[in-house]
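Asker: Letter by letter, the chains look like this.
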Amino acid sequence: MSAWLSQSVSARDEETSAPICLVGEAMVADKCGALYWPDESMLVVADLHLEKGSSFARFRNHLPPYDTAATLRQLSLLMDTYQPKRVIALGDSVHDRSAWERFSDTDRATLSDLCNRVDDWIWIAGNHDPEPPVGVPGRSAQELAIGSLVFRHEPGGDLTNGQAEVAGHLHPAARVIGKGGSARRPAFAHDGQRLILPAFGAYAGGLCLSAEPFRALFKKSAMRASVCGRTRMFTVPGNRILGWR
Amino acid sequence: MPTRARCFLNVQPTLPVPDLPPAFTAWFDGKGWAPRQHQLALLARADAKRDTLLIAPTGAGKTLAGFLPSLVDLAGRKTVRRTNRPGGLHTLYISPLKALAVDVARNLTTPAEEMGLPIRIETRTGDTPAARRQRQKRNPPDILLTTPEQLALLLSHVDADRMFGGVKRVIFDELHALVTSKRGDLLALGLARLRKHAPDLVTTGLSATVADPDALAGWLAPQNTENSDRADIVTVAGGAQPDISILESEERLPWAGHMARYAFPQVLEAIAAHGTTLVFVNTRAQAELVFRELWAINEDSLPIALHHGSLDVGQRRKVEEAMAKNALRAVVATSTLDLGIDWGDVDLVVHVGAPKGASRLAQRIGRSNHRMDEPSKAILVPANRFEVLECRAALNANYDRAQDTPPIRDGALDVLAQHVLGMACSDAFAVDDLYDEVRSAYPYRLLTAESFDRVVQFVATGGYALKTYERYARIRQRKDGLWRVANPDVAQQYRLNVGTIIEMPVLTVRLVSAKQAAQRSSNALRGGRILGQVEEYFLETLVPGDSFLFGGEVVKFEGIREQDALVSRTESGEPKIPSYAGGKFPLSTYLADEVRRMLSSPDSWDDLPTQVGDWLRMQRDKSALPGRDGLLVETFPRGNRHYMICYPFEGRLAHQTLGMLLTRRMERARAKPLGFVATDYALGVWGLADFGRKISDGSMPLDELFAQSMLGDDLEEWMGESYLLKRTFRACALISGLIERRHPGQEKSGRQMTVSSDLIYDVLRQHEPDHILMQSTWADAASGLLDIARIGSMLARIEDRITHQRLERISPLAVPIMLEIGKEPVFGEARDQVLEDAESLIEEAMVGSTTPSK
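From first to last, the protein sequence lines stand for chains A and B.
Residue numbering for the first sequence follows our numbering, beginning at 1 and increasing consecutively.
Residue numbering for the second sequence follows our numbering, beginning at 246 and increasing consecutively.
I should point out that these hints are in silico values taken from the structure, not numbers from a laboratory.
From a predicted model like this one, the values you see are computed outputs, not experimental measurements.
Certain hints may be false.
Away from chain A, derived, C-beta distances all over 12 Å, residues of chain B [stated by the list, open to error]:
| id | residue |
| --- | --- |
| 1 | Asp318 |
| 2 | Gly410 |
| 3 | Ile478 |
| 4 | Asn571 |
| 5 | Gln761 |
| 6 | Gly804 |
| 7 | Arg806 |
| 8 | Asp1003 |
| 9 | His1012 |
Label-pair ranges, simulated between beta-carbon atoms [to be verified]:
| id | chain 1 | residue 1 | chain 2 | residue 2 | range |
| --- | --- | --- | --- | --- | --- |
| 10 | A | Leu207 | B | Ala759 | 29 to 37 Å |
| 11 | A | Leu207 | B | Gly790 | 18 to 26 Å |
| 12 | A | Gly157 | B | Thr693 | 56 to 64 Å |
| 13 | A | Gly24 | B | Gln1011 | 37 to 45 Å |
| 14 | A | Arg215 | B | Gly790 | 22 to 30 Å |
Straight-line Cα separation of at most 30 Å, DSSO-like style, residue types lysine-lysine; simulated pairs [unchecked claim]:
| id | chain 1 | residue 1 | chain 2 | residue 2 |
| --- | --- | --- | --- | --- |
| 15 | B | Lys712 | B | Lys622 |
| 16 | B | Lys724 | B | Lys276 |
| 17 | B | Lys570 | A | Lys219 |
| 18 | B | Lys724 | B | Lys441 |
| 19 | B | Lys712 | B | Lys760 |
| 20 | B | Lys760 | A | Lys220 |
Quick reminder that beta carbons are idealized off the backbone N, C-alpha and C, glycines included.
Could you put the whole structure together from the sequences, leaning on the hints where they help?
Answerer: What follows is the structure, given as structure tokens:
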């Protein structure tokens, strides 16, 4: 076999992430759906929805129970890449309140290891997980302010002058132009004042940016979407996103 | 391989024919008829309690043959009936179409009444009112006519044993059409269950001629038991050789397109010259166009009607009734008419477009002439030059009575999962017993115990051995070891999800003006004429600004608003999405081989129209002819692009998959491919690098480009992204019950309650690639939307047999596919531009030639 057949089209490193600027702070959006803040050596992930698969079992719907393992594996790879000192999970880290009890021993051990790899792990409360987690390391908080950034689960909360918001909850996804057609992919939505992360969980799904909840949250013309392609990130203006006003 | 059908009544072994009861002989005498030989043969077989397959052309009296033994038996039962309780269900009739069941009920009731037989004949379909369904369960009719889905539902009820315990006969109509799909799998499992309720039941299959009658005969008989595993076969071949011709025209034969517009005046003449004509087309778009164009020149206002699947049901019924009353001169129809609804007398069948398969054509031609000893008459109308070859191949095949119906596949595991749940709803089962029962169904005769156990575990708890899942099992093993549904809600859920037909979500296509669209304000985009409906998955491949073909027009996609897809008329743009309007059926491998044979043997060109012969001779002079077993690859520059055209003749679906995989490889070879287009015959790729040079200098060797390894890593990689494969997985997930169907009214709550099948697919592919649903998806992909099996055999066939022609300019054979890039039928403003483009292509290809074929 010739060389050209065995080499794969490797995505250039600089394309697997996209820069995002939020009130002057330089952030990096990774194509796996996580946010990295280099100045603080901090990794942010939203809406892990761990054990979502097993939560459906109550309705006798037996989804393949690999979503927790898949999500943690992805997170582990990201931590290898960025080597953060701090990790923030932006709420809805588990799908329901009894999820912590359903963790397999392996998954629980994996998660504990991940938590112990950093100096500080913060579990922000979400609507699916208002209570602090059980049996895993890390501290809990309703929200967290670092510098001029406020980290909370639901976007649209109070901000003092000069502050910007980093949130999750809505699972943004964008339908945008790709090669040979459109693609609907998870996306970071931001306008310089607010940033909403895509859902990180393997079974978490997405909500199109054309949906109502996004309209009040972003300045119409300033909204950008950093879209998680399969091999690279694309940053596109609102007018190239299907249904953005 | 195709087989030759026998041209006479063939019955082995012969059995003594029982006497008909007096009421029957009187009825036949009264009509001036005599029972036909095969009708008596079936009676004899039923008397001997032997399963029987009747293969006969349309018009042979198949339906009466199928029911005669039941009617005779029931006529004898009537004296007993007065003294006993109702005799119960005697005969079950299963048809693939609701409409066919209703039609057959009507055709059966008349003779039964005329003979004075006190027989209750009823239908049961999705449309049957709830009250009547209840009554049918309490007090079943003597003969029940229904569909595979309804049978599955009835078998899942707790009182199924009472309802079906007395069944004597089961009749399967249009068996050839049922067995090749997942519906056939479900039905085969249903038959296995019926046999458990009524061990002595006798089956009768009614079928058109097929390539492998033995497989059908096996389908009708129980497998892996002590009984005979093969039904007797009674074959009635059409008496007279059909009179088929290919329409010859003085007009210029089109290079591309599927509409055959050139031939409409001649088609109208043929309609005028015959009593009743059926005009068959391949797609709804073709039906609409042919209908409109025929009326445009229909100066005598001959009554010509239209019939296809997306028309309103009321409208279709009206056409059917008018046809039955002989009030119409012609009906333009799609495949909704393929199956055996009684249409009164048809004098001529006109087939517009490619026949796609020899058997398919034979079945359609069989529609003409209900007196089977007279020849059927048919005219084939090729819409372009390649279709001339295909029509000729199909005509030859018909003359040889060759058949190319698809084989019966191995039973699908997702269907089996659905069935296992249904059986647990009906009654407790022991795994070993149900396994034996399932293996008695022909498609599952080779099923391993291990696979069956996995399916049972999947149905119970997903099969992941998790405590949390076991607590909420759907079926559960009782203390006595038998499995039973765990909760009445599960049975309710099963009933909402039964069946194997997955209807894709559709959106309404609404036309807005380009000006409104430009404003992009939500108010401006309201209103507008509805053009029709299109499947959601297709729209997901488009971005605003893309143009596509809909209802014969090129429209520009503007966006989606709620359940509407908004489009505007457009004047420009190559619709870059490969043929949406193209035929659904790929060219059969048999016809493809026949076409390649004709191309490679110039002696046979004398049978072709002069224009086509000239075209092929010019191809031979300017490039080369595709060999029968090899692959011709041409490269040439045009404009600022380079083109590579290859001619595998494997059908559009296989070519699309091949296009996806080839372009990946070409990208890695730095050939900078930009796009591709696929037809039934050829695949064309265009791009920026000089393909011809890269092939010649060895930087992109063809034998490696087309190596079988393409189906390894490249396919694996592409699988992760292929929406076609995800769509296939979704169907398997729905059929197996992993995710639930969306039902009208519960969309909102439903959407919040389900995990997208795409996400499940991604996780499964990584964590359990041999999951039974992944196996099921692969099996479907091999033959379905991706047609991977066909690519595999093609790549093996062409190994070391690839011919590269590095050309200065486009070749004659490449013109049709190059025209597809500009899209087939174009109406409105864009037409002239495309025609101009077509003209320049043809001139370029034929430059310097002495016999311009224009």
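Asker: Identify every previously stated hint that the structure contradicts and give their numbers, smallest first.
Answerer: Structure breaks hints 6, 7, 8, 9, 15, 16, 17 and 19.
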